[in-house]
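For reference, the chains in residue letters:
Protein chains: 4
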Amino acid sequence: MKGVVHMRFEVFGESHGPEIGAVLCNFPAGIAVDFDFIASELARRAGGNSELTTPRRESDNFRIISGVFNDVTTGAPICVIIPNESAHSGDYEETKNKMRPNHADYPAFVKFGGHSDYRGGGHFSGRLTAPITAIGAIAKTFLQTRGIAISSAVLSPSEDEILRAKADGDSIGGCVEVTANGVPAGTGGIDTDSLDGVLAKLFFSIPAVKAVEFGAGVNFANARGSAVNDQFCVSGGQVRTTTNNCGGIIGGITSGMPIVARLTFKPTPSISKPQHTVSMPDMRETTIEIRGRHDPCIVPRAAVVAEAMLALGLGGALS
Amino acid sequence: MKGVVHMRFEVFGESHGPEIGAVLCNFPAGIAVDFDFIASELARRAGGNSELTTPRRESDNFRIISGVFNDVTTGAPICVIIPNESAHSGDYEETKNKMRPNHADYPAFVKFGGHSDYRGGGHFSGRLTAPITAIGAIAKTFLQTRGIAISSAVLSPSEDEILRAKADGDSIGGCVEVTANGVPAGTGGIDTDSLDGVLAKLFFSIPAVKAVEFGAGVNFANARGSAVNDQFCVSGGQVRTTTNNCGGIIGGITSGMPIVARLTFKPTPSISKPQHTVSMPDMRETTIEIRGRHDPCIVPRAAVVAEAMLALGLGGALS
Amino acid sequence: MKGVVHMRFEVFGESHGPEIGAVLCNFPAGIAVDFDFIASELARRAGGNSELTTPRRESDNFRIISGVFNDVTTGAPICVIIPNESAHSGDYEETKNKMRPNHADYPAFVKFGGHSDYRGGGHFSGRLTAPITAIGAIAKTFLQTRGIAISSAVLSPSEDEILRAKADGDSIGGCVEVTANGVPAGTGGIDTDSLDGVLAKLFFSIPAVKAVEFGAGVNFANARGSAVNDQFCVSGGQVRTTTNNCGGIIGGITSGMPIVARLTFKPTPSISKPQHTVSMPDMRETTIEIRGRHDPCIVPRAAVVAEAMLALGLGGALS
Amino acid sequence: MKGVVHMRFEVFGESHGPEIGAVLCNFPAGIAVDFDFIASELARRAGGNSELTTPRRESDNFRIISGVFNDVTTGAPICVIIPNESAHSGDYEETKNKMRPNHADYPAFVKFGGHSDYRGGGHFSGRLTAPITAIGAIAKTFLQTRGIAISSAVLSPSEDEILRAKADGDSIGGCVEVTANGVPAGTGGIDTDSLDGVLAKLFFSIPAVKAVEFGAGVNFANARGSAVNDQFCVSGGQVRTTTNNCGGIIGGITSGMPIVARLTFKPTPSISKPQHTVSMPDMRETTIEIRGRHDPCIVPRAAVVAEAMLALGLGGALS
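As you go down the protein sequences, you meet chains E, C, U and R in turn.
Just so you know, the first sequence maps onto residues 5 to 323 in the working numbering.
Just so you know, the second sequence maps onto residues 5 to 323 in the working numbering.
Just so you know, the third sequence maps onto residues 5 to 323 in the working numbering.
Just so you know, the fourth sequence maps onto residues 5 to 323 in the working numbering.
What the hints contain is simulated information worked out from the structure, not anything from laboratory work.
Take these hints with a grain of salt, some might be off.
[Unchecked claim] Computed spacing ranges between beta-carbons, pair by pair:
hint, chain 1, residue 1, chain 2, residue 2, range
1, U, Asn226, R, Ser276, 18 to 26 Å
2, R, Ala47, U, Ser162, 44 to 52 Å
3, C, Pro285, E, Asp38, 37 to 45 Å
[What the hints assert, rightly or not] Far from chain E by the CB rule (all over 12 Å, computed), these chain C residues:
hint, residue
4, Ala36
5, Ser44
6, Asp95
7, Gln148
8, Ser155
The beta-carbon is built from N, C-alpha and C at its ideal position, and this holds for glycine as well.
Required output: the full structure, derived from the provided sequences and hints.
Have a look at this one:
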C-alpha cells in the first residue's frame, strides 16, 4: 500500500523526433510560473553559445500545454513540450549498426531488441535534459516560496582543459557541485526513503553521471571521526553544525545545513578519434569514427540539469 | 499506473528493541533457502570477532517465519526475525537529550518530534543491517541460479589504520568495492528507472554511506574520452569491452561486463573524545562523551551489507 | 525497495487547453503500432456521432511524438498528443464560481485552492479519456501478440432510456462489462498487488465510475457457496472452471478463465435542469443552470475507455 | 520520480506458520498506541465467539516489536507479530493436491510453481487479516486525532440466513458498508491517484471481496442525473450536500461528506459438500470434500477488516 499523492515526473522524446517533453504530476497548485526564468534556465543548458560547447543550436521554444492556467499552476499534471530543430539525421545512418563506445547503444540494443531510435542517441540523448531543466525551473520556483535556493559550481575541468581536449579532437569529464540552501531540518525519510538515496537515484538518471557524493563524499574514506564529525552549535537561534561534512543529510534526513552534493560526469563518449567496436546484430568487430557536432565537455551545460534534479527531488520531499 | 508485481523489502526494529527483522516481498518462488549460508553471512557482519570491531557480541539467531515452506521459497513475503541480545540500554540514558554528532539523532528529533527510540540509535542503528544481510543472502542464492556472483573488497582503510584509530579512541572511514559477475547485458531501465540510480538509492540507505561510484567513478572527472571509453570487442562469442570504466552500466542498463560499485563510508560517529553538541529540545550547547562499545571502523563489517544491497537491487531488476 | 522496470502511464491536459495527451512508460519494444486502429478506437470514444451523444465534435487527430520509430515501439516512453478543437470556453465564464453538483468542482476547489482550470471541467473532463483510449489501443496490440483479446458490452441503459433522458433534459447512468479472453493463469499478484485491486484502481480513475465488480460481483451477497463455487474441470487439455463466477481472478491471480469486470457509471452530472448549489470562495447558496453541449449518457462512449484501462492494467501485469 | 515518504504496509505469514504479522512504514510519530483497543479490534475479527463463526479459536496475542517506544509511535516502521495457535495441519494433507474451488489454490499453483504452503490456504488465508486489523487499529487512532471516525454495518446476510447456510453444510456471501466521518474536503488525488481507486485497491486485497461500490454504487446504473446529483448547500458554516449519493468522493477527491463504501464478499469457498475439481500437477479430474473448521459466512468477522483497510487508506492519504 502506498500513499495517494506524491510528486513525480516522466520525460519523453528522442533526439531526432519531432518534439520532446516532460510531464510533472502532483506539483503544488498556486505557484506562479515564470516563463522568462524557464527560458533562461533552458538557455543555460543550450549549446551553441560558446566555443566550449557543441555548434548544434537549440533554441528550445518550449510551451506548457497543461497544468498551468492564468500563469499559475493548477495542481493538474504540467506538460512541457519542446520542439526539436536542427536535426541532421543523416549523420547517423552510416554508423547506425556500430555500437558507439560508452554510449547506451549496445545495452539498449540488447534490452530493446534493436528497436531503439538510433539517431543521435534517441531517447538516451542529452537532449532529453532540456525538458528536465524546464520542469526543474518550475520546481525551483516552488522551492523559492519555501525559502530554498538552489545553486551549482563546476569544480572541474577548467576552461583551458576543455579547449585543449577540443583541440585534440577529444573530450573530457568533470564534476559539478550542487547546493540547496534553506532546506528545513527534518526533511527526508528513512531506510529506502532516505533523501540522499532519493536524490542519488535522480542524479544517476542524468546521462553520464558516474558518481554521487554528499558532503565530504569520497574524502571520508581516509578521515578520522574526530576530524570530520560535524559538531553542533546554536547560532542565530537555530541548531547548526560548525562544519558541514555530512552535506546537510544525516541518516537520510536533512540537518538544516545546506545540502551539498557532487556529481562526476564521464567524458562525452563521442570523440572524433577512431575507436574499436562491434556492429550489431552481426557481432562483427569493426572501427568507428564519430562525426557530427559534439561537446568536448558537457559539464558546463550539465550544471543546470543537476540543479533541476535537486529541485525536483526536494520538491517531491517537501510537497 | 504501476505494474503489478515488483520485488521490494522493508526493515524494522530498533537497536534495543526485542527483535529486528525484514520482510522481502514478491521474491521468486522455488528458490532453496540455505540457512547455513544466511548464518555465515550474518557472521561476516557480526561484531565481536576480532580486535577490529565492537566488543558487542551479536549471535544473530535468526528465524524465518514466513514465505519459506520445506526450505524452499513459496512466493509469499519472506519475513526474517532476529532477536536482540546483549543490550546495555543504560549506556544511553545519560546522553539521551544530547545530539550525537554525525548520528541521525538531531534530524530524527526534528522529523519525529522527539519520539524516536534514542537507545543505541534506535531504528537508525547499524544493527538494522543484520536483517538486510539475511534477506540479501537469500537474494544471492536466487542470483546464483541465474549465474550471478556477488563479491566485495575493502579498499580502505588498512587493518593498521583501524588499529591506530582505535588506539587513539578515534574512528576511521573507508571504502568498499562490490562486484556482480554474470549479469546479462540489457538488464535495468531508463530515466528514473536507471539501474545505477536504483542501486545507489539502496546503497545510500546503508547507514554511513556518503558516496557511490560506478566504474571509474570520481576518476572520470579528470579523464579524457579517448582514455576511458570502453571499446567493444568480441570474446568467447560474446560482446565485451576491453576495459570496464563504466562499471558494467551504461545509460542505466547493463553492458554484460561486471557491475562494479564503490561505497564510501564516513567514520563511525561514536568516538570516545569529548565533542561539542546541543541538547534537545532545550537547544542548549553542551559537551558529549560517548561511552559504550563501538567499532573504530565499520567498513570491514559493512562489506557484506553492501553485497546484500547489490543482491537485493539486482534481484529486483531480474525477477 | 521497488523493482526497476514497470509499465506506467500519466495523462495530462485540460478540456479547453491547447492539447491533451498521455505518456506510456516501460512499454515493451518491438510492438507494431497500428495508427488506423488507434484512430478507430478514438472514433468509438468520440462524440458527435449520433443523437445519443454530445454534439461536440472531436476529431482527435492524434500524433505520437515519441517512443515509436518506423511504426514500431522502441521501449522508450510513448507520448500521444491530441489537439483540442471546438472549444466554447465562453460557456463556462458565467458559472465559473458555481460548484456544479456531482462534478469535481468543489473537491478540486478545496484541494487546489481555486487554481483549477474551470473551463469544461479542466483536467477532470471526460475529454482526458481520449489519450487513455489511444494508449489503451497500443496496449491492446501488445496483448494481441500474447493472444489476449479485450471486448466490452453496454449492459445498461438501453438506447430508448438514453433518448428519453435526453428528451427530459436529463441524464442517465449505466453499466459496462469488460472482458479479457486469453489471459494465462497465474498472472497477477498477492496482497496489495492483487490484480483485481490493480485493475479497480485504474477503473475508478475513469471519471464517473462508482462501482467495480468482478464476476458475479454484488450478486455474491445473497449467494450460497454451493451455488457459486466455480468447480474445476479439464477441457481441451487445460484446467478450466465450469462456471466463471469469480470473473477470472481468485486471490488476486488469474485462473485462466476470462477476466470479467463490470463498471457502473453515475449519470452525466451536467443536466439542463436548475440545481441548488453554492458559489466559492464566498460560500453562498445559489442556483445553477448548466448550458453547453453534454451527453445524456456517457456510457456508450465509455465502453472503449473501460477496455483501454483493462488493456493497460493487463499490459502492466504481463510485461 | 516519486516522492520520498508515503505510508505503506506489508503483511506476511501463513495460516499454519509459526507467526504472522504486518509492518506499517512511514506512519506518523507521536501517536499513542492503545493496546487494549488493538486487542478489542482483534477480538471483533477473531472466530470462535459464536455459533456464526468457525470453532477455530484465535486468541491473537499480538506483540508490537518495533516502531513504538513508551507506548507512542516513533515514526520508524511498526511491526506487529501474532503467533499462530490451534493449527491442525493434518486436515490438509489429504487434499493438498486437490485445488479447492474458489480458493486461490489453482492460480497460486500456476504462479508459484506449486511451492505455496498449502496448509489452510497458506498466505492466502483469511488468517492474514488479523495483522491488518491490528495495524488498522493503529491507523484508526491516528485518524481519531484528526477527528475522523470509522464504522461499519453488515448489510447482508441476516443471522438467520447464516444459520440456515450452516445447517445445510453450506456457506453464504454478504455485504459490508464502511463509513468514514469527518474526512476533510480536498483529500485524495487525481487520475490514478484517485482516492476511490486507492481505497478500492486495498479493499480488493481483502480475501473474498468481489465488488466495491461508493455511495449509490451499482444503483447509479438506472438512475437519472436529476434524481441522484448531490446538490450543495451551506450548513453549520460548511459546504455540504443534501444527499450523499457520491459517497463522499467526487473526481477522486473527498467532498467533506462521509466516505461510504460497500464491499461484497463471496461465500466462504470451503463447504462440506462434495465438489468437482482437479488435482495438480497431474491435471486429473477428481472430487473434493473439505473438512476442517470453517465459517459459514465470514462477513460478520470481515467488517472490522474492511474498517481497517479504510483506516489504512485514509491514513496514507492524510499523513
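These are the hints, each one checked on the structure:
Against the hinted window of 18 to 26 Å, the Cβ-Cβ separation of Asn226 of chain U and Ser276 of chain R comes to about 20 Å, which satisfies the hint. Take Ala47 of chain R and Ser162 of chain U: their Cβ atoms lie about 50 Å apart, and the range 44 to 52 Å holds. Judged by the Cβ atoms, the range 37 to 45 Å given for Pro285 of chain C and Asp38 of chain E holds: they are separated by roughly 39 Å. Under the 12 Å C-beta cut-off, the non-interface status given to Ala36 of chain C relative to chain E holds; the minimum distance is some 27 Å.
At roughly 25 Å, the least C-beta separation between Ser44 of chain C and chain E is larger than 12 Å, which holds for a residue marked as non-interface. Once the 12 Å rule is applied to beta carbons, Asp95 of chain C is consistent with being away from chain E; the minimum gap is 18 Å. A cut-off of 12 Å between C-beta atoms confirms that Gln148 of chain C is not in contact with chain E; the least separation is 22 Å. Chain E leaves Ser155 of chain C outside its interface by the beta-carbon criterion, the shortest separation being 19 Å against a cut-off of 12 Å.
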